[in-house]
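Fit chain B to the supplied structure of chain A, relying on the hints for placement.
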Amino acid sequence: MRDVWTVVAVVGGATIVLKATGPVLVGGREIPPRLVRVVELLAPALLAALVVVQVAGGDRELVLDTRAVGLAAAAVALLLRAPILVVVAVAAVATALVRLVT
Amino acid sequence: MGWLAPMVMSATTFAGSSQFAAASLLDTGGAVAAAISAAVLLNVRYAPISLTVAPDMGGSLLRRIVLSQLIVDESWAVSQDRGRVDGKKLIGAGCVLFVCWNAGTAVGVLVGDVLGDPETYGLDAAFPALFLALLVPQLRDRKALAAALLGAAIALVLVPFSAAGVPIVAASAACLVGLRR
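As you go down the protein sequences, you meet chains A and B in turn. Per our numbering, the very first residue in the first sequence carries number 1; after that it's consecutive. Per our numbering, the very first residue in the second sequence carries number 103; after that it's consecutive.
Bound conformation, chain B alone:
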């Protein structure tokens, strides 16, 4: 991808999984359309996620657009507060992540070859562990537990049959258990 494109992508897309998907598809000679659709599909979850943030993110249209760009899985997950999202926490965490992510991209572009495969350090196992640690305090009642189990089940069933990103988006349907009394 050269050196400038990954840095521009980290600043504009700012969502790890879709950037990895786009980069690896381009790297293995995939079509442009395939790289775009995989990467965009992986980010469709941000539409429902951004809805949960919306009540705590007001102000002018420009302010809302700019601040909403700080929404990533990690900043959203750590700012959960009793069934709501704490907007201030999300903005704080998002800023820290944005700076680290872009600095990390710059380091990777410069010396990535020296570090070798990040899987050697078990970094790919760090992310599910982080999400598990953030999930546990969410399981406050039976409905939350039901939504989690259903979401996990939907995602597991769909992984073998759908493009990356689809299982996560489909799992969001599990929140409809909230309609039951």
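Excised from the complex, chain A in its bound form:
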């Protein structure tokens, strides 16, 4: 049990520091234009990485499984301009259905 609390304390402390980095260092001030051009591309870069890691990431391997079916269904919903909550629900339902029948 002591191990659990060590992990909770250290991870919690580290995460609080990591999240506070930007606002504590430059909070409320404009960042230089050159840096803005880099920082504003963080969103597409990180979101794309989150998509591929969450859909195909395994334990140190790439896995193609039923999550991909859900993502494909979500992509179709996006093409049909469905609202974001519908897109997310379509992905979950499609994946759940495929898991149910396989």
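None of these hints come from the bench; they were simulated from the model. You may find that some hints are simply not true.
As the list claims (entries may be wrong) - The list that follows gives simulated cross-link-like pairs (lysine to aspartate or glutamate, EDC-like), each with its CA atoms no further than 20 Å apart:
| # | chain 1 | residue 1 | chain 2 | residue 2 |
| --- | --- | --- | --- | --- |
| 1 | B | 245 | B | 158 |
| 2 | B | 191 | A | 59 |
| 3 | B | 190 | A | 30 |
As the list claims (entries may be wrong) - Partial pick of chain B residues on the chain A-facing surface, computed with a CB cut under 10 Å:
| # | residue |
| --- | --- |
| 4 | 115 |
| 5 | 150 |
| 6 | 153 |
| 7 | 169 |
| 8 | 203 |
| 9 | 212 |
Where is the CB? At the ideal position from N, CA and C, for every residue including glycine.
Frame of chain A; chain B shown alone:
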């Protein structure tokens, strides 16, 4: 993990993937050092993410520290506004997520065994779908598209060779395409 530790962790760490990583490593008898390094590594991305939020998060030092804790992937992603982050939206979304996340943790601690495996409901496919839905409006120009493709490629290549968290952190380097004119 008992019942209190997960609840304290949801309130302090407040970042799903790292909490899952720490819990599963502890659960499978992993070393404390392994659980800590995996969970912290998964959250290193919050340093660059918090930098994008910084211009719209001012005030006293205490205020900045407290509000910055509302930064999670989802609150940050939904508050994107034409290449910037809308601080008010992030705080609003973050508050809602914080309440739901901690309430959800409490429910899980109490009746988690009854619900069974969340994968049965396809919930693990909901997250990549959410991030894809948030990514699409970001692809406004060729640079954004290049950053997205490069970020995805870096992450895919690194998954087999690195600890969880590293691919995402490394993918942030893709934003350097912004330096090209």
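Hint check results:
1. B:245 <-> B:158: Distance ~23 Å between residue 245 (chain B) and residue 158 (chain B) Cα, so the pair is violated.
2. B:191 <-> A:59: Violated, at roughly 34 Å.
3. B:190 <-> A:30: Distance ~17 Å between residue 190 (chain B) and residue 30 (chain A) Cα, so the pair holds.
4. 115: holds, 5 Å
5. 150: Nearest chain A Cβ about 6 Å off; hint holds.
6. 153: Holds. Min distance 4 Å.
7. 169: Hint holds; residue 169 (chain B) Cβ to chain A Cβ min 7 Å, cut 10 Å.
8. 203: violated, 13 Å
9. 212: Constraint on residue 212 (chain B) not satisfied, violated at 18 Å.
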